[in-house]
Structure formats: C-alpha cells, structure tokens
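Put the two chains together into one complex, using the hints given.
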Amino acid sequence: MGRTISEKILSAHAGVPMKAGEFAVVDVDLAYVQDGTGPLACRQFKAMGFKAAHKPEKKILFVDHASPSPRRELSNDHKFLREFARETGVQFSEIGRGISHSIVFEKYVNPGDVVVAADSHTCTGGALCTFATGMGSTDIAVAFGLGKTWLRCPETVKIRVEGPFPKGVYSKDLMLHIIGKIGADGANYEALELGGGTIRALPMHARITLSNMAVECGAKVGLIEPDEITHAWLREHGRDHKFPDLTPDKDAVYERVIEIDAAKLKPTIACPHFVDNTKTIDEAERVHVDQVFIGTCTNGRIEDLRIAAAILKGKSIKPGTRLIVTPSTVEVYRQAAEENLLQVFVVAGGLVTAPGCGACVGVHEGILGDDEVCVTTQNRNFCGRMGNPKGLIYLASPALAAATAIEGRIADPRQYV
Amino acid sequence: MKLNGKAWKFGDGISTDHIAPGRLFHLRSNLPELAKHVMEDARPEFAAAVQPGDFIVGGRNFGQGSSREHAPTIIKLAGVSAVLAKSIARIFFRNAINVGLPVIIMDTDTIAEGDKLEVDLAEGVVKNLTQGTSCRIPPLPPVMRKILADGGMVEHIKKHGGKLDLE
Ligand code: SF4
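Sequence lines, in order, name chains A and B.
Take the first sequence: its position 355, counting from 1, is numbered 354 in numbering that gives the first Met the number 0, and each next residue is one higher.
Take the second sequence: its position 11, counting from 1, is numbered 10 in numbering that gives the first Met the number 0, and each next residue is one higher.
Chain B on its own, in the form it takes in the complex (with noise of 0.2 Å):
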C-alpha cells in the first residue's frame, strides 16, 4: 500500500509533550477530543488543517519523553499516515508499533515544508514528488514488522489465540 499526502516539518526533541500536552490529562480519555490539540505546543494551527494521508516530518529524538502511548494514538487518529523522523525516541517508537502507526528513520533535511510525499512501506521508499527525488528506507525489524503486519498490538494478541507469538 502506498501512503500519499504532504509534509509538515518539525524541529528536533519534538516530545510527547508538545504531541499530547499534560495540561490536557483529563482528556486522555476521549482520545477524539485529545487529537483536536495533536501537536498543539509546537504548532497550534497543525490539528485544524491537517489533511487525511499527511505526514509528520521530524528532526532528531522525535517522541522523546513520557510513554504516553496517547501521543502516536492521537497522530492517528488525526489521520496522519506515518511520522519520518532523523531519529525517533524509544518509548514512543514502540508506542506507534502497538497503535499501528508507521515510523520511518531517514535523513529529512531533503524534505521541506508542503513538499508532496510517497512512502512505500512493503519495498522501503520514500519518493519527493515535489523535488523528485527518492531514497530507500531501511527494513524495521523482524518482530515490528509482524506487529505492525497484524494491525498493532491488539490486533496481534487476538490473531494469535492471547499469545504473543514473534519469535
């Protein structure tokens, strides 16, 4: 499947913070509530005018803080289709496997700000239609892959009779 939308570029250290502020715990949950503020600390206008396919464009330590799992959740839910990131945080990494939200490692100094974007997840490439360029993207691993191939965490454990089942 190939993901289509453009991308909103972000700095360094983007934390779970400005994705889900802890002033707004009481919405934690009503997670349709919770995604209206997505991303709201580092740019308040982003929740109102993301498009359904968009992509979250970050720089280093993306997700870094809290395990708030509500952090990638919302990011979904606001219809984001996967976050690239020069590096991606651990917690927040693992979080996005589970809630079935794809994470991409790759240099995103090449994108810029609209830039139209193409990410194939089963060959591994990110194409620039705005700059027609493309790079390849390495495979996630084994045991993420699979999660991610049975729909998340949730999905998994139901598909395999209550079992975790990645060896």
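Only chain A is shown next, with the shape it has when bound in the complex (with noise of 0.2 Å):
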C-alpha cells in the first residue's frame, strides 16, 4: 500500500516501516528551544540526569520571545539559558538575531528530516517538507540528551488547491480560509499535505504562511511535497539539496481530501478570539483600528515586509493608529534597511524594532489596552494572546495590514495592490 509523506520520513527515522496509527521512537535531527520554553527545558534535562548533549552542534536555545529582556526575571532566565550552552556546548542564539522558526528555515531544516522544538510553530518547516513539529519543554529536554523522541505517525489530511489566486490575495488567506473552514481542532492529530498547482506556484515565503499555521487547526505538521523551489531556497541558502524522494505514493491513504478553488478566494481576517472566526473582507464590519503589527514567523519576511512597503510608499497612516513592524531574523532586517523598506515604514509613520516575536505574544513592544483593535499579520489571536485580555485581535495578510494602517479601520487591500 502506498505512504503518505509523513508515513515515509518517519518509517525512515524509526527505521522500521510505520503506518498512520503506529507509535514509535525516532531519531530527530534537530531540537530546538526559545526563552519561554527553554529554561525549562533545561532545568528537566538536569532533572532527568543528562550530562551531555546529543550532537550538542543539531540543538539550540533561542532568545526571540523577549529580545531584548524587558524585566529582570527574563534577563536571569536569559542568564541561564547562556550558561547552559557554554556548559552543554549546545547553539545559541543572541537577541537580535531573530525568531528561532525563521533562524532554523534560513539555516537548518532539510526536507526529509525529522525536527522537534518547543514552540508550536515548530511545522514552519514543513514548507521545506520537514516533519517538524511542536512539543513541550521536557519532550525536547530528552531530545537534547538521546537525540531521540516517541512519536504516533499522524493521518494525514490532503488539502489540494487550484486556480490563480484574485488580485489582493495572499497564502495567508488561504490558510485563513481552510482555518475556517475546517476548524480549530478540523485536524487535530493529524498531518496536512499541501499540493495542487496553486501552491507548487507559490515562492516559499508564501509557503512558510501556509506550514507555520498547520498546528491552527490542529495539525501536528503541514508539509508541502519538494519542487524546483524547493531545490532553489536550498541552493540559495548553501545547503545540500540532495534528499530521499518525498513524493506521495500515487495510492498513499489519506483520511480525507479536501478541495479548493483559489480563484474562489478573497481576502479573508480571523476576528477575536479565534483563528477559525474567519471573515470574508466583504462580510468585515469595518471597525475602527488602534494598531497594526506587521511581522512574526507567520509573516515577518522580506518579501511580507515588500508587500506592506509597496503599498505604504509615499503615503501616511492615519492619526489615531499606530504601526509596528518587526522583521522575522536580522538577514531580513539587513536586507529591508538595504532596500529602504525600514525607511517606507518610518516615513509613513510607522516603527521598526529589532528583529524577534515582538509584540505577537504580549511580553513586550506592542501590548495592547483594554478595548484597543489590534491588526496583525501573525498567527492567532487568543484572549490574552497580545498581553491584555481585554485586547481585540484580527489576523490578516501584510496587504490587509498595511491597507489598514492608512484608512485607520480594516480596509480592503485590493484596491491598494
């Protein structure tokens, strides 16, 4: 009987065949950290009596959530993680480099492997086809000291679109869109499998939109099949872009395909306070809006950062709402300021802050007040989630992002693109 992509990294890293449904203990290549998850971590890997790190060159401790610490509790976790590495011989990654998913894209994952961190946004890496996923601190504590995790090979949901997507319309969307449609826990426990010729035509920055929010509905990773672009993003990159074939067996069982018709689409919000609330821009009531978030490992790339330039040049946000923009990693901070896209943002009237998660998960730089809207092109929009349960959060697309920022309420960025 055929495999699933899922059914064959894994088979390939239990090193015995699996099926969906089958539990077992698998080799990981890669484990990772951030500064919310990771002292944690580190603290259940003494627990548990390691004293060395598997291949201590494949783990790594991210400072992203709080870069740099706002409080001195967070400067002591910070602290922490910096002695453990030098204990360990463990990676780490400084303040300021950037948010640990858009760090290991440019720099880590491969297609094939099997990738494990602390953070639920960990399937980014299935963009590259990655079985990557999100665990809790001990899980990755144990990966740090075997190099190993217990893990049931998911069901995998096959979700194939077709068709150009209509002007102002963006994988966010889409993702927003089948969000919607299938709901929060729509799959739960389960893998997705992205194809079709609408996305085997989408650049990877689009891609990474689509893989990073797999675990919004529920899933355990969202990997979309290799292609040329996939082989280019490597190339570029400096990796090897030699793998074992990935492609979906013709006869792999799936439980359940679903179909769109990207032409269909329009640009498409998540209204407070879940990401499955999903609106229509033409069922959007348009309300008013305090800020505008622009970044986050959903949505922080250059080429999300070029998106919300081309359309704020030359203009002004309106009095009464504030923009934030935050690159993803310090390659897209240099690369915007190369291209004078900080320099769009500030003129408009915007800000930028140093590249990390920002104000997405209410530590610092951006938390809202009690009734304010907030637009932002991140991942969910929980109560509570941008540091304020009394905080309003609408996720949306760079484009619907920046559009708002200058009509001051949700705009319709097709008019603008």
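You can trust all of the hints, since none of them are fake.
Partial selection, computed: residues in chain B whose CB lies under 8 Å from chain A: (1) R59; (2) Q63; (3) R67; (4) V142; (5) V153; (6) L163.
List time: in silico EDC-like cross-link candidates among lysine to aspartate or glutamate, alpha-carbon distance up to 20 Å: (7) A/K45 x B/D149; (8) A/K45 x B/E154; (9) A/K106 x A/D226; (10) A/K147 x B/E154; (11) A/K166 x A/D281; (12) B/K85 x A/D275; (13) A/K166 x A/D411; (14) A/K147 x B/D149; (15) A/K45 x A/E86; (16) B/K145 x A/E21; (17) A/K45 x B/D164; (18) A/K147 x B/E166; (19) B/K162 x A/D26; (20) A/K18 x B/E166; (21) A/K147 x B/D164.
Derived from the structure by calculation, the hints contain no laboratory data.
Note that the coordinates shown come from a computational prediction; the quantities given were computed from them, not determined experimentally.
Built from N, CA and C at the ideal position, the CB exists for glycine as well.
Here you go:
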C-alpha cells in the first residue's frame, strides 16, 4: 500500500516501516527551544540526569520572545540559557538574531528531516518538507539528551488547491480560509499535505505562511512536497539540496481530501478571539483599528515587508492608528534596510523594532490597551494573546494590514495592489 | 487510585493563553507564583477558590495554542486532579502526560458546574456522584499509559537508565 509523506519520513527515522496510527521512537535531526520554554527544558534536562547533549551542534537555544529582555526575571532566564549553552556546547542564538523558526528555516532544516522544538509553530519547517513539530519543554529535554523522541505516525488530510489567487489575495488568506472551513481542531493529531497547482506556483515565503499555521487547525505538521522552488531555496541558502524521494505515493491513504478553488478566495481576516472565526473582507465590519503589527514567524519575511512597503510608500498612517513592523530575522532586517523598506515604514509614521517575536506573544513591544483593536499578520488571536485579555485581535495578510494602517480601520487591500 | 472532587466548567477552545497568560511570561521560572494565576483569563476567581482534587471540565479543543508546558504544570500545581474535555489539543495532551496530569476525553455536556465526580483511572470509569450517572472512558495509548504510570517523563527516564523505554 502507498505511503504519505509523513509515513515515508517517519519510517526512515524509526528504522521500521510506519503506518498512520502506529507509535515509535524516532531519531531527531534537530531540536531547539526558545526563551519561554528553554529554561524549563534545561532544568528538566538536568533533572533527568543528562550530563551531555547528544550532537550539541544540532541543538539550539533561541532568545526571541523577550528580545531584548524587558524585565530582570527574563534577563536571568537568558543568563541561565547562556550558561547552559557554555556548559553543554549546544548552540545559542542571541537577542536580535531573530525568531527561532525563521532562523532554522534559513540555516538548518532539510527536506526529510525530523525536527522537534518547544514551540508550537515549529511546523513552519513543513514548507521545506521537514517533519517539524512542536512539543513541550520536557520532550525537548529528552531530545537534547538522547537525540530521540516518541511519535505517533499521523493520519493525513490532503489539501489540494488549484487556480490563481485573485488580486489582493495571498497564502495568508488561503490558510485562514482553510482553518475557518475545517475549524481550530479540524486536523487535530493529523498531518496536512498541501499540494496542487496553486501551491506549486507559490514562492517559499508564501509556503512558510501555510505550514506555519498548520497548528492552528490542530495539525502536527503541514507538509509541502519538494519541487524546484525547494531546491532553489536550499541552493541559495548554501545547503545540500539532495534528499530522499518524498513524493507521496499515488495510492497513499488519506483520511480525507479537501479541494479548494483559489480563484474564489477573497481577502480574509480572523476575528476575535479564535483563529477559525474567519470572515471575508466583504463580510467584515470595518471597525476602527488602534494598532497594526506586521511581522512574526508567519509573515515577517522580506517578501512580506516588500508587499506592505509597496502599499505604504508615499502614504501616511491615519492619525489615531499606530504601526509596528518587526522583521523576523537579522537577515530580513539587513535586507529591508538595504532596500530602504525600513525608511518607507518610518516615513509613513510607523515604527521598526529589532528582529524577534516582538508584540506577537504579549511580553513587550506592543501590548494592547483595554478594548483596543489590533490588526496583525501573526498566526493566533486568542484572548490575552497580545498581553491584555481586553484587547481585540484580528489576523490578516501584510497587504490587508498595510491598507488598514492607511485607513485607520479594517481595509480592503484590493484597491491598493 | 480514585480521584475525587468537584467540577469547574469551562467552554470550548480554552487556550494556553487562558491557562498561563503570555503577560505573565516573566513568572515561568517561578511556577508556584504562576500557579496563583492559573486559568485567570478564563475565570479570574478560579485560582483562589479551587480545592485540591477538583476537576477542570472543558469543551472542545482544550489547551489549544502554544507549547508552554507551564500550562498543565500549573494546573497540576494548583491541585487539580484531572482535566476532562470533549477533545484535547495535541501538544497540551503530550505535555499533560509528561508532567503526570491525567487527561480524559469524554462527552462533558453531562457534567454541570459543581458536580461531585469520582474518577477511577485504572478501571476507566468517571462517576458523577451528584447526578448518579457514570461513563466509561477509553484507555490511553500504551505509550502514554507507561509514561503516566512511571510518574511522568522525568521519572520515566530516570527509571529506565537514562533511556526512553516505550516499545
Ligand atoms: S513570532 Fe509569535 S508565533 Fe512566532 S514564534 Fe514568536 S511568539 Fe510564537
């Protein structure tokens, strides 16, 4: 019987053939944590009695959630992480270098790898066909010590997308549409395989947005079959682009197949307080917006900033609305500076922060006031997410976010592109 | 072992931001302090009023969102004996097992706020003592049963000579 991408990757890492529903201990190629989950992982590592990390060059501690630290408790967490890295030889990524998932995407993950990390958006790696999934601190402490983890081989939901995107529609709109359609638990414990002509035509940054949000419908991974665009990305980022055949077999068994006609999509937003509470821009109430945030592991790549800057160039942000832009990595930051994009944001009246998670997780750099409304390019809008349970968060594409900054209310990006 | 306590009802989609809010990020290395705020953004009065042994009873997709293991950890630290929900988000499920917090998937519509419950994990039975009903719960997968029986993942690794022993 044929195999899905997940079954192929996990079989190779378990050393035995695996079918959906089976459990096995598998080899882990890369494991990482961030500053919110890392200190606990390091403490658990010690509590389990591990003295040395397994392949420390493939274990990374990132500081991205509170970067730079806004409080002494967090400064002490960072200090503890740096000491742990010195003791064990694992890699350490300093403040200002960027978001974990975005950096591993630039530098580490490969098609066919198994990657686990203590952050739910680890599934970003799926855009390079990496079986990359989020876990908690203790699981990653085990992976740090042993280079192994246990996994249940997931059933797969195949999502086939055909047709061109209409003007003003991006992969963010597609993913919000998918999550709205199947629900926040629509693929719980399962894998997504995203394919079809539309996906094959998407550049890598747009694929990243899709895989990144797989967890928002409960999925373990959001895998995209490798193709020429995958090879080109690996070559451009100085990585070996030879990897095993990861094409899903023709007779692979899927839990279900969802067909989507991209030509019918519209700019889409997720309304408070759930990611699956989606509306098209035509249905959305055009409410006043206090803060617009562009960045994160979902939409903080250079191409995302280019889309936003093209809309904002020569325009001003509406008084009464503020704009925060946070490049996802230092590489993106450097490139955006070179292309004068940072200049465009600042001249329009916005603010650019150092690379990292920034306002996304409610630690610093953009916490909402009571009853304030934010349109953001991030991946989740749960109650309290941006640091205040009385804040109201709408999720959108960089284009919709930029248009919103200009109008000061939820805006239709189609008239700006 | 039987678990006894009363039910605290929550709705669908309780996220890790409800359980362990991001605005308290700086308390993550101080779990007893963070536990004083458990479930704060869903029910502010919960942390102060919950009694040892009580149950959290959720709806669909309990624990969705971030990978923060601090969420099930502080639920356990607050004295909650188990989480019952219609469905449980994947990472929260794994984390709960690792920290030794029992999670039960069942139809929770039959349970009302304040109902007295008795849960027998070995027998796989949830009794609602207030309503005089009982229901059977499906066993966890063997891998998870083993980790839970060892007292969580840290104890599992220590007990098995620094290895995963789940085959
Ligand atoms: S940018 Fe937001 S979603 Fe992404 S890793 Fe950082 S906090 Fe998490």
